[in-house]
Structure formats: structure tokens, C-alpha cells
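*Asks:* Listed here are the chains, written in short residue letters.
Number of protein chains: 2
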Amino acid sequence: MTVDNPILAVQKPVRRQLDAVQKQLRGLFKTPIPILNEVGGHVLATRGKKFRPTVLLLTAKLRGELNAEAVTCATVVELVHAAALIHDDSVDRSHLRRGMPTVNGLWTDEMAIIMGDYLFAQSMSLLVEHKLTAAMGILARCVTELSCGEALEFQHAYNLNVTEAEYEELIRAKTGSLIGAATEIGAGIDSSGRDLKRRAVYRGFGEKVGVAFQIVDDLFDYLSDSEVAGKPVGYDLAEGKVTLPLIAALRQATEADRKKLRALASRKKWTKGQWEQLRALIEKTGGFEYSRQRAQALADEARGILAREPRTSARRALDAAIDYAVKRDH
Amino acid sequence: MTVDNPILAVQKPVRRQLDAVQKQLRGLFKTPIPILNEVGGHVLATRGKKFRPTVLLLTAKLRGELNAEAVTCATVVELVHAAALIHDDSVDRSHLRRGMPTVNGLWTDEMAIIMGDYLFAQSMSLLVEHKLTAAMGILARCVTELSCGEALEFQHAYNLNVTEAEYEELIRAKTGSLIGAATEIGAGIDSSGRDLKRRAVYRGFGEKVGVAFQIVDDLFDYLSDSEVAGKPVGYDLAEGKVTLPLIAALRQATEADRKKLRALASRKKWTKGQWEQLRALIEKTGGFEYSRQRAQALADEARGILAREPRTSARRALDAAIDYAVKRDH
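Chains as they are written, first to last, in the working numbering: chain F, 364 to 693; chain V, 364 to 693.
Note that these hints are calculated values from the structure, not bench results.
Please note that the accuracy of each hint is not assured.
Intra- or inter-copy, both count: the list cannot distinguish identical chains.
[Said to hold, decoys possible] No more than 20 Å apart at the CA atoms, straight line, and that leaves these computed lysine to aspartate or glutamate pairs for EDC-like:
1. K393 <-> E529
2. K690 <-> E652
3. K386 <-> E646
4. K412 <-> E531
5. K393 <-> D620
6. K386 <-> D599
7. K393 <-> E532
8. K635 <-> E618
9. K635 <-> E672
10. K386 <-> E672
11. K604 <-> D686
Treat the numbers as computed from the prediction; the structure is a model and nothing was measured.
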């Protein structure tokens, strides 16, 4: 990992196309409805890293030069992601995301629903307009999975008996599905959907990267400083999200430690001391270590897929994207 | 209008297809996620009249026998409508719709966002699965218009200076667009989208019916008993929705009456006496009469389009659907 912003190195081979994505996005908020443009402007200003469009474009570039269709698909993937995040923040009642105010935080939950729906609608419109039928199929499934991921989160909330398999299915649906859709579209774009085997391989690639990314994200809820994460630490657990460090800790703990863990994890508020005690117990029982290893294992599987590709700048950047997913420090 | 349930007469020529729609809808809630099936079951149980699938099927039947594609499109239109209503109820914080509890009322706003997204996603999936490309294009535009309608409602909230043109554009987007999409799909389904002129005519037909329907709906907020409407009377105005009776009244009133109207309409709560005073002023200045006439004029325009069709059971039922839209008593 470089000391500077590591995502910039990942994006370098597709910098020009990402600028075109940003331009397409800006075009969507020149509507006759002032409030849509106002909220849209905020969404554009706070959307940062464009990880999903980046991996879509890089995966497409593995096979050769990028065309306008790849750029449009990258825009669509970013739109779906922004829509899902905006609805997700409203569902979670988050008022900050990476230190920036959310739509529901600055305006209302109502505006968050409207803006998310508008962005979903625009993503569908762009696909129709550009006759991107294969991408439409991939994204229709993905959007279903995204909402199933949210439903699973609702279903499993505050359930300390959730299993690792249930957790992984949840984060695959919630995070893996869209990164998987991005890399599947990237793999299939040159062949107009005929290259189904390569598409399936790269969907798996993206899902692994996405699940690893989410495991690391969930680790931060326990490990990072709230200033770095841009939201209060312990926020996920307070919201009922039982994630891998705790799941692994509960599974690996002695009977006595498990009892203590369950008591601490059942709270919705903690004193600084209680939170430190919970963290120390997860550390002691290997919950953090297990999570790191699982993320690394998924990253290694993804690297194995890339190893079959010619050594191009796109492949190097995708390797760096995997590093970014599992090694970023916030 | 018949004394019994008039919608049943409208639906008679497409009864069998509407049953098939209901069966397709039920199939969507056999997921591995219990909470989705539970909420979905409630949505199915409380979805009543299927006005949009009905007019889609009837419009298609004007040209001949119905095929499986028409049924799937009818299901999709109902899904989009249910999704939009569920998000809309959450946006409006409505806990009752026609006397039945809403998703946000029974569960939470979070669940309403999730279920709406799931239904949108399923509608997209069905269109992709059945390769209904023309319908996809029509619905992509419609879904954009639906969210723009919601945004306009947000934009114009509590604005007593909103014009009739602005109001009509809002309800065309909010209600006309999906009924217009339903009848456009109905008109275009036999010709695989090649019959663009007929499609445009029937989109206009559905939009007129939809706008008339919404004008009548907005009248009920002033005129009906709350037991019949299934929600508190004056609810719309309390939520900031300035609708045609008030817009027309403010325009047509004397200076003195306009002042009284503005003072009363600026409140968010009314005593029984204040509400009666507001109603009496709108009555006196002709706001209700103007709204009724506007709805009738739109209904007449729609009837004019139908008059060019052969006299079949489908045409008679569509004529009855127009009557239903403007003459229903709640």
C-alpha cells in the first residue's frame, strides 16, 4: 500500500473514462426540478472513490480498449450504488457517511427515498437508452440481491446466534453483488454477453473482492477511531448488525468468555470501559484475527483469478484494487 | 355507475388474466427470507382493485386476444404501482391507506424502503426475464416520472402560490404516468413496439384518465367522510399538498375571501369549525365545481379516443373505467 491515496494508483489506467463517468453523472442533475438538482449536487460532491466503476472499467480493459458502452455501464453501476447507499443510510438512520452528511441527514428520510428512486430510475433509463440488454439482466438480478441484503439485515438484526454462513450470504447480497455485477459487466462487454464463462468467473471475482471489502469495513466498526471512519465506532452493533469479529469470537470463546461477550454485545449503548472490554474479549478469542484471515483468503482467491491474465497496467491496477479492499486503513 | 362494486364490471372481460396476475404476484413472495414473505403477504392482501393492470389488459384486448406477455406486463405494472405506493406512504408518513394499515405503519419506514426496492427490482427482473424490451423502455421513463412527481410534491409543499399548470404537471407525473404507461403498453404489445402512433395515443388516454382520477382523489380529501376515505380528511393539506379545489378557489375568490382562504389554508391543524369554514369558502368560490369540471373534461377527452374503437366488451369496460375514475364515491 502506498502512503498517498492508494485509490488514485488503482484508477490511473481508467482515469479518462472515470472523468467521462463524472460528466455523465453531472448531466443527470440538470432537471427542471430545483430540489432534485440541489440534492443531486450534494450526492455528486460527496461521492468519492468510484470503486465500482473503476473495477468495471479495469476488468473491461483486461481484454483491450474501452468503448463508450463501458463508460455508460460504469455510470449506471455508480448510480445504482449511490441509490442503494442513500436508501441504506435512511434505513440505518445514519447521518454521516465517511464524515460527510447524508441525504437523510441534510434533508429528510422522505428526500432520501425520492432521490434513491430517482437514481434507480435513471440507471434503468440509461440502460434502455443505450440498449445495454446484457447489462440490464445482470443489474436486474443485482438490484434484487441488494434489496434482499437489506431484508436479511432486518431479519438478522440483534440476533447473536447468526452464523458465519448467514453473515457471509448477507454481505454477499449487500456488497458483493454490485461489485460482482460491475466486474461481470466488465468481463462480458466486449462479447455482447456471449462470453458467459468469463462473465461467471469475473462475477465470482467481484463478489470475493466485495465480501472481503465488507469484512474489512465491519472490522473498522470495532477497530478504527471514529474520526477516521467518519461515523461513531460501535455504530453497527448498536444498530443490531452482528458482524464477523463478534460471530467468530462467540464461536471460539470459552463458555465463560462467551457469556461475558453475549452480555456486552446485547447492549445498545456502552461506556468507554464497556466498549474496551468487548473489544478486548473479541481480540482475546481471536475474532479480529479470524476476520482478517477470512478477508485475506478471499483476496487471495481473487488474486488467483487475475494471475491467469496477461501482465498489463489494468491487471496491476486490479491487483492494487484487491489490496485496497483489504488493506485500507479506514 | 352501478350500485354494487363498479370495478368488478370494469374487470369482467379480463377477469381470467387478472387472476393470472395475482398468481404471478404470489409467486414473488416465496423467498428464503421470511420477513420478505411476511411483508409481501400483507402487501398482496391489501392490494385491492388492480386498476392499472385492468386498463393495460383492456387496452390490449381492444386489438384482439390477450397473450402471456400482456399478463406479465400487467403484473409488472402492478408491482411498480405497489412499490411506488409503499415508498409514497413512507414519504407521506401515512399509516392508513383506504382504511388498511401501510407497510411503514405495521412495520417501519425502513421496511417500507426495503419492500419498495424489492418490488421495483422484481418488476425489472420480470421484464428482463421475458425480454419485454419495449415495455422496459416505457417503464424506465415512467419510473423516472414517478420519482419526479414525488420530488415536485416536496418542491411545492406548503406553497399556496402553486399554479394549476404546476399542480397538473405534478399529478401527471405522480399518477398519470403509470396509468399512461399501462395503456401505452396495452396499445403497443401486439406490434412489438412498432405501432408507435397508437402507443402515443393510448399513453395520452391513460394520462388523462390518471389525472382525472387524481383530481377526484384530491377532491375526496375535502369532501368525503374519513370513514369512507380510510384516512383523516384534510390530511393532504396538513401534509402541504395544495390541490386543485384550493388552487381554483384562491384564483377565483374575491380579495377578502382569498385572504380568509390563505389564513385557513396555512394552518396544519383545524378545529371542526375551521375546517368547515375552509370547505364553505372553497364551495362558495367554486373550487370544488371547477375541479369536478376539469376531471369531467379530461374524462370526455379520453372517451373521445375510445369512440374510434369497435364496440367490444373491452371498449365498454374501458368506458366504465373512465366513469369509475371520475364518479367513484371514495
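*Asks:* For each hint, tell me whether it holds in the structure or not.
*Replies:* Evaluated hints:
In this homomeric assembly, K393 and E529 come within 20 Å of each other (Cα to Cα) only across copies, at 19 Å, whereas the closest approach inside a single copy is 42 Å. In the homo-oligomer, the alpha carbons of K690 and E652 lie at most 20 Å apart inside one protomer (14 Å), although the nearest pairing across protomers, at 68 Å, exceeds that limit. For a Cα distance limit of 20 Å, the shortest separation of K386 from E646 qualifies neither inside one copy, at 45 Å, nor across copies, at 51 Å. Taking the closest pair of Cα atoms, K412 and E531 never come within 20 Å of each other, the shortest separation being 24 Å inside a single copy and 40 Å across copies.
Taking CA atoms no more than 20 Å apart as the test, K393 paired with D620 passes in neither setting, with 57 Å inside one copy and 39 Å between copies. Taking the shortest alpha-carbon separations for K386 and D599, neither the intra-copy value of 34 Å nor the inter-copy value of 39 Å comes in at or below 20 Å. Taking identical chains as interchangeable, the C-alpha atoms of K393 and E532 lie at most 20 Å apart only when they sit on different chains, with a minimum of 18 Å there against 38 Å within one chain. Neither within a single protomer nor between protomers do K635 and E618 lie at most 20 Å apart by alpha-carbon distance, with minima of 25 Å and 64 Å respectively.
In this assembly of identical chains, the alpha carbons of K635 and E672 never lie at most 20 Å apart, being 49 Å within a copy and 75 Å across copies at closest. Taking the shortest alpha-carbon separations for K386 and E672, neither the intra-copy value of 31 Å nor the inter-copy value of 47 Å comes in at or below 20 Å. Taking identical chains as interchangeable, the C-alpha atoms of K604 and D686 are never at most 20 Å apart, the minima being 25 Å within one chain and 51 Å between chains.
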